[in-house]
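Read top to bottom, the protein sequences are chains A and B. Residue numbers for the first sequence follow my numbering, so the first one is 86 and each next one is one higher. Residue numbers for the second sequence follow my numbering, so the first one is 86 and each next one is one higher.
Some hints here could point you the wrong way.
Intra- or inter-copy, both count: the list cannot distinguish identical chains.
20 Å max Cα-Cα, derived SDA-like pairs, lysine to any residue [unchecked claim]:
1. K98 x A278
2. K197 x T165
3. K98 x P121
4. K197 x A244
5. K98 x T219
6. K98 x A135
7. K197 x D142
No lab work stands behind these hints, which were simulated from the structure alone.
2 protein chains.
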Amino acid sequence: MGTTGHEPAPEPKYWHLRTVLLRAIDSEFATGEVIPNERELAARFGVARATLRQALDQLELEGRLVRRRGIGTLVAAPRTAVPVRPAEESWPGTEDAAWRIVGCTTAAPAPKLAEALGIPADEPVHTVRRVRSTGGQAVGTEVLHVPDSAVPHLPGFAADTGRGRSVLRQLQRLELAGESRAVELGVAEAEEARLLQRPPGTPVLVVTTQYAAGGRIAALAVSTYRADTCRLTFGETGLVEVAPVGAALSEVRTAS
Amino acid sequence: MGTTGHEPAPEPKYWHLRTVLLRAIDSEFATGEVIPNERELAARFGVARATLRQALDQLELEGRLVRRRGIGTLVAAPRTAVPVRPAEESWPGTEDAAWRIVGCTTAAPAPKLAEALGIPADEPVHTVRRVRSTGGQAVGTEVLHVPDSAVPHLPGFAADTGRGRSVLRQLQRLELAGESRAVELGVAEAEEARLLQRPPGTPVLVVTTQYAAGGRIAALAVSTYRADTCRLTFGETGLVEVAPVGAALSEVRTAS
DNA sequence: AAGTGGTCTAGACCACCGA
DNA sequence: CGGTGGTCTAGACCACTTT
Numbered sequence: 086m087g088t089t090g091h092e093p094a095p096e097p098k099y100w101h102l103r104t105v106l107l108r109a110i111d112s113e114f115a116t117g118e119v120i121p122n123e124r125e126l127a128a129r130f131g132v133a134r135a136t137l138r139q140a141l142d143q144l145e146l147e148g149r150l151v152r153r154r155g156i157g158t159l160v161a162a163p164r165t166a167v168p169v170r171p172a173e174e175s176w177p178g179t180e181d182a183a184w185r186i187v188g189c190t191t192a193a194p195a196p197k198l199a200e201a202l203g204i205p206a207d208e209p210v211h212t213v214r215r216v217r218s219t220g221g222q223a224v225g226t227e228v229l230h231v232p233d234s235a236v237p238h239l240p241g242f243a244a245d246t247g248r249g250r251s252v253l254r255q256l257q258r259l260e261l262a263g264e265s266r267a268v269e270l271g272v273a274e275a276e277e278a279r280l281l282q283r284p285p286g287t288p289v290l291v292v293t294t295q296y297a298a299g300g301r302i303a304a305l306a307v308s309t310y311r312a313d314t315c316r317l318t319f320g321e322t323g324l325v326e327v328a329p330v331g332a333a334l335s336e337v338r339t340a341s
Numbered sequence: 086m087g088t089t090g091h092e093p094a095p096e097p098k099y100w101h102l103r104t105v106l107l108r109a110i111d112s113e114f115a116t117g118e119v120i121p122n123e124r125e126l127a128a129r130f131g132v133a134r135a136t137l138r139q140a141l142d143q144l145e146l147e148g149r150l151v152r153r154r155g156i157g158t159l160v161a162a163p164r165t166a167v168p169v170r171p172a173e174e175s176w177p178g179t180e181d182a183a184w185r186i187v188g189c190t191t192a193a194p195a196p197k198l199a200e201a202l203g204i205p206a207d208e209p210v211h212t213v214r215r216v217r218s219t220g221g222q223a224v225g226t227e228v229l230h231v232p233d234s235a236v237p238h239l240p241g242f243a244a245d246t247g248r249g250r251s252v253l254r255q256l257q258r259l260e261l262a263g264e265s266r267a268v269e270l271g272v273a274e275a276e277e278a279r280l281l282q283r284p285p286g287t288p289v290l291v292v293t294t295q296y297a298a299g300g301r302i303a304a305l306a307v308s309t310y311r312a313d314t315c316r317l318t319f320g321e322t323g324l325v326e327v328a329p330v331g332a333a334l335s336e337v338r339t340a341s
């Protein structure tokens, strides 16, 4: 009996707390509702505030909670489905009210950027910065790098956002051969964080897209989307339409 | 002069530390190298260990550091590119050494699963659990839900992994009409964490795929990939091949 | 002014690893 | 065994929001 031996590693308190809180917000709170403050929850569960915060950190990373300084902690709305442009459909430019150009510069590329674009280190690159919004909320930012040689017919006068529009327009005249994407996890640095109206270090989904045209890379886009509120969708449209499935539906992630 | 007024909000210590450490590991340490331990780093920078750990947490989330209990903190290798099956190519079954079936059950679906599959609540669903590995390392897990009516010709005898193989084989005989995907951030729960050999709460990229065939959903897959070590790639193959661009190359994410 | 979450401290003990 | 990262505590002060 008494041979406890190697207990299979006790569950950390913060992980247990997360499970308990998750059940609670699923069953007892509505979207947008404020849950009790951290000091009270910590007292109620008999743990230090730091431990409770560790549990809340997890739930925030999962997009289940939103914390607002000076306000409280709220139950988050389900993540927003953000369509990522399917191949064949269009260049990143096409009249898209969701995107707003916030800047454009032209300069020699950093060495790694030149390599990624497959161009000489001294060829100018146009860099367009855009912000994507849905429902008035900024959900993503993008930096689009376009080698000058891919858009040789730019009007010379425009500057900044005007020039950005010209770059996108010129891109649309090229025949898009295809695109290649990668998605990974990152954190928002200063400028991205500001555009997303979030603190630095906010987790983001980083989407890297290579646009191919004429046997070369005509554009390289790096987009970042708020990981807490966004679910990136890639599907071809016109498929069977059913209820969207989110990671929050943990049932479908459980086997046996 | 003395009018400090509204300083534009001071940068938190942990964020500054992250920046300093990031520069250091980029310039002074090689992949796999062990950096000084937390107590020494904290002393060296004159901060509490908890503050230093907050900075390391960020860098670990970004996939730049790996922490091993009892060993130390290592500089992480660049993320592994994990190809996510492009449309048209294949059903999730096709002889794929990367995936290993670890279990298969057949049961009535949870209500939400039935809704997501668009089937009656009493139709049996086959659930196949698989693990994806690259280079001996488990990088992802998957739960594949297949309505029984989509694979009516299953041999009756096989069980567990054998039955899983049968389900995949039957799927491959259907004509795939298309697939629809979503990617979002999640955390590994107990079983996934075990299969990925990571602690619970590990950040994962959750990929939800609907496979359509015959005007209905023939399969629903929920895959989870280690967010620290994986970069999911979606591209059509055969495009221009250049140096892969990762989020780690922050230069390409900076404009102006 | 009062209440919230955000940051930071200085310590403690534990679980795991290698020698 | 000594060293590492992982967890947890009890407290402090700050920045922000609302009243």
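Worksheet item: Given identical chains, is K98 near P121, meaning Cα to Cα at most 20 Å, within a copy, between copies, both, or neither?
Response: within (19 Å within a copy, 28 Å between copies)
Discussion item. At most 20 Å between alpha carbons: which applies to K98 and T219, within, between, both or neither?
Written reply: neither (37 Å within a copy, 33 Å between copies)
Item to complete: First find the shortest C-alpha distance between K197 and A244 inside one copy, then the shortest across copies, and answer within, between, both or neither for a cut-off of 20 Å.
Response: For K197 and A244, the Cα distance exceeds 20 Å both inside one copy (25 Å) and across copies (52 Å).
Discussion item. Cα distance capped at 20 Å. Does K197 pair with T165 within a copy, between copies, both, or neither?
Written reply: Between copies, since 19 Å is at most 20 Å while 33 Å is not.
Item to complete: Check K98 against A135 for me: Cα-Cα at most 20 Å, and say if that holds within a copy, between copies, both or neither.
Response: The answer is both: 11 Å in one copy and 18 Å across copies each meet 20 Å.
Discussion item. I want to check one pair: K98 and A278. Are their C-alpha atoms no more than 20 Å apart within a copy, between two copies, both, or neither?
Written reply: between (31 Å within a copy, 17 Å between copies)
Worksheet item: Between K197 and D142, at a C-alpha cutoff of 20 Å, which is it: within one copy, between copies, both, or neither?
Response: For K197 and D142, the Cα distance exceeds 20 Å both inside one copy (35 Å) and across copies (27 Å).
In terms of the numbered hints stated before, the structure departs from hints 4, 5, 7, listed from lowest to highest.
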